[in-house]
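**Q** Taken in sequence, the protein lines are chains A and B.
Its first residue numbered 1, the first sequence is counted upward by one per residue in our numbering.
Its first residue numbered 1001, the second sequence is counted upward by one per residue in our numbering.
To be clear, the hints were calculated from the coordinates, so they are not data collected in a lab.
For glycine and all other residues, C-beta sits at the position ideal for the given N, C-alpha and C.
Some hints here could point you the wrong way.
Stated by the list, open to error - Restricting the straight-line Cα-Cα distance to at most 30 Å, the calculated cross-link-like pairs of lysine-lysine (DSS-like) are: (1) B/Lys1279 x A/Lys232; (2) B/Lys1229 x B/Lys1025; (3) A/Lys335 x B/Lys1118; (4) B/Lys1109 x A/Lys335; (5) A/Lys232 x B/Lys1020; (6) B/Lys1025 x A/Lys335; (7) A/Lys97 x A/Lys76; (8) A/Lys335 x B/Lys1171; (9) A/Lys335 x B/Lys1361; (10) A/Lys30 x A/Lys114; (11) B/Lys1229 x B/Lys1020; (12) A/Lys124 x A/Lys102.
To be verified - One-sided excerpt, in silico: chain B residues whose CB lies under 7 Å from chain A: (13) Phe1007; (14) Thr1061; (15) Gly1063; (16) Gly1069; (17) Pro1077; (18) Met1084; (19) Phe1086; (20) Phe1092; (21) His1094; (22) Tyr1098; (23) Pro1104; (24) Val1107; (25) Lys1216.
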Amino acid sequence: MSSETKQILTTDGIPLEVSLKKAEKKNKIKAFLLVAPLLLFLVITYIFPIGDMFMRSVDDRMVTNMLPKTFKAMEKWENLEELPPEEVYRGFYEDYKVLVEKQEHGKLGQRLNKEKNGFNTITKRLFRQIKRNKIDESISIKDQINKIHKRWRNIEFWLAIKRTAPPYTMAKYLKGMDMYVASDGSIAQVDEDRRIHRILWLRTLEIAFFVTLFSFFMGYPIAHLLATLPMKYSNLLMICVLLPFWTSLLVRTASWMILLQQQGVVNDFFVMIGLVGDDNRPEMMYNKVGTYVAMTQILLPFMVLPLYSVMKTISPSLMRAGKSLGGTPFVAFWKVYFPLTIPGIGAGCLLVFILAIGYYITPALVGGASGTLISNQIAFHMKTTLDWSFASAMGLMLLTGVLVIYWIYNKLVGVDNIKLG
Amino acid sequence: MSKNPEFVKFDKVDKSYDGKVLVVKDLQLDIAEGEFITMLGPSGSGKTTCLMMLAGFETPTHGEILLDGNIISNIPPHKRGIGMVFQNYALFPHMTVYENLAFPLRVRKVEKDEIDKKVDKALSMVSLSGFETRMPAQLSGGQQQRVAVARALVFDPAVVLMDEPLGALDKNLRESMQYEIKHIHESIGVTVVYVTHDQSEALTMSNRIAVFNDGKVQQLSNPAELYEKPVNSFVAEFIGENNTFNGEVVDIDKDKCKVKLANSEILANPISVKSKGEKTTVSLRPERALINPTDKMDNMFTGKIEEVIYHGDHTRVRLNLLGSSEFILKVPNSTSNLELKVSQDINIGWNSVDARALDPK
């Protein structure tokens, strides 16, 4: 036992551990230098932008910076059942005058309007009063503002201003789930007819799930064939699987548009063989069908390749052994072959599902209204409404979703069981 | 119980994969019940194809295979009830040893208690009791091999096929496994068809050996006969070591013939030669030629030692004899050993009965 605790020395008396560390240090430095460019690249292109996205999605300092005096005064507004005291009105008036001078009052109106509908109108009224110098600063500002519009006398509007006070907000995330902070501070759901995001999330999950399922059922036999055919045929088949992979995504999606449109090749064929009438051509594009078909085709290689690489390692003698021991071909497949392909199935499904959940171009082009996904909504806010913070929030929600799926998957199957090749 | 001498029967079986070349040609082979028969041959000789046809993974192009009198060519592998041990063991890597052994019983819907009993028995037969919960990857090569043998036997098949099962083991383990498999065969009396390209494996284990070459059985006989009395020069070459002389028959008698070599004549035992003037290859086992023979032998020559190689239990001596410098002698190492030196001349003699005049190479 003593020999275990005793430190082992090298021939020149240096402890073995120290000597080992020294010997390996050079290699460690070399290894680090080799990965350093990639690490730097990842930090610049991945971690930093995600951090920026997160900041954007929770950032709400605009109003905070525009109305410093108002928020200072609001600290003294204790009874929230009643309209705020004179100081708050005066603070708001002074802040607003500064904004009018800087010509930034419009931005505030828009921002507050998002918080509470109808704000834009009453801030414009206030703006006109200030322009005409109708406000007398020597008497109560509260009374004068209250006279401009009845909404100024509504406590809801003042509470809305108060809600914008904190520099950070979760509002964008709530909006992504069709929820908002009600005037009393509780979280509420938006009206049923305005809940668009939840539908989109569910549809995204549904489409990603079915695309994964279809890819699996189509990819499994192909991968099996690839792994078992003699070399010369399997190479040809491999090229067939990879050929779409080498074609531009846009070209592939566009060719699906040509195939699937109502006057397209597939419909022409259906009419020709008499499956459907010429005046009754089914719509296969600008809906879910188009999204399913095109996305399954495009993501199929991501299913086939991990499956193939796993199946390639399964010795054909295992199936033979299963059969020679008395198992029917089905039993031999189900009890012997299939369990051995699970690592490949896991890898393929995870890959396809995660790719599908964030897919953009294909649903945008062939999806139509009923086939668009959450990514299209993100793009819409990036490009059209320019609400980048909302787009960021939804992007992060998507990322979190993917991580959660990965975590669940890890719990169920175990990431060690994934085999990409 | 009388043993069926035609328990497994290959009846005029041909096999071709591409429609151009016959891998197995007109195979006629009867295997008796309880026999241990080995198919021995170089790679590509058709032996594994025969095994696969018997197992049902390949179908004969022509002819029939019969098992206990029934034609089985159209029966799928899983209904044949033939156990098989594969070259790389083919243990199911995701199942424990117990599950591997239980697989053939479970698919046959055997009761749980019965399964436990049979698995237990099979494992103790290969001395692996207590390994039930191990995964195949946790076993050594020899242990995996034994599990594979146990799995092929656990459902009491009438025939067990073994396709080079010891190929992946190291030499010592291979030898001990040979005896183990032989003993299992003797104790349970199952019919075994064994395929190998290792002649010593075939000689140690088998009741009979079928030597395959070029899709045909060259010779089918027991190990001793195969070694001592090869019927053609392929078998003589393939089994054991061999000194050969190529020549022409100049005189032939009932049990002796005179063969003319390049510049001398020897007496040989005519096996496949019938008449004068035929070309022949004479085959002589190294251990049948003696140095300085005391008895009278009908072939006596003098050769020059070219090389002496020490092998532990014996010494190999390469001689220049009768115009060939490839003549090999095996001299057992004993205390009365001779001093053998390179470029020394020695007298060599052998009996003509051991020099078999076979078909020309």
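**Q** Does each hint hold? Answer for all of them.
**A** Evaluation of the provided hints:
1. B/Lys1279 x A/Lys232: violated (46 Å)
2. B/Lys1229 x B/Lys1025: holds (24 Å)
3. A/Lys335 x B/Lys1118: holds (21 Å)
4. B/Lys1109 x A/Lys335: Cα-Cα ~15 Å, so holds.
5. A/Lys232 x B/Lys1020: Since the Cα atoms of A/Lys232 and B/Lys1020 sit roughly 19 Å apart, the hinted pair holds (cutoff 30 Å).
6. B/Lys1025 x A/Lys335: violated (37 Å)
7. A/Lys97 x A/Lys76: holds (22 Å)
8. A/Lys335 x B/Lys1171: Distance of about 34 Å is beyond 30 Å: violated.
9. A/Lys335 x B/Lys1361: Cα-Cα ~52 Å, so violated.
10. A/Lys30 x A/Lys114: Violated, because 55 Å separates the two Cα atoms, which is more than 30 Å.
11. B/Lys1229 x B/Lys1020: Not OK: B/Lys1229 and B/Lys1020 at ~34 Å, beyond 30 Å, violated.
12. A/Lys124 x A/Lys102: holds (15 Å)
13. Phe1007: At about 18 Å, which exceeds the 7 Å cut-off, the nearest Cβ of chain A leaves the hint on B/Phe1007 violated.
14. Thr1061: violated (19 Å)
15. Gly1063: Because about 22 Å separates B/Gly1063 from the closest Cβ in chain A, which is outside the 7 Å limit, the hint is violated.
16. Gly1069: Violated - the Cβ of B/Gly1069 stays beyond 7 Å from chain A, reaching only about 21 Å at its closest.
17. Pro1077: holds (4 Å)
18. Met1084: holds (4 Å)
19. Phe1086: holds (5 Å)
20. Phe1092: OK, holds: B/Phe1092 within 7 Å of chain A, min 6 Å.
21. His1094: Constraint on B/His1094 satisfied, holds at 5 Å.
22. Tyr1098: violated (14 Å)
23. Pro1104: holds (4 Å)
24. Val1107: Since chain A brings a Cβ to about 5 Å from B/Val1107, closer than 7 Å, the hint holds.
25. Lys1216: violated (26 Å)
Hint check: violations occur at hints 1, 6, 8, 9, 10, 11, 13, 14, 15, 16, 22, 25; the rest are consistent with the structure.
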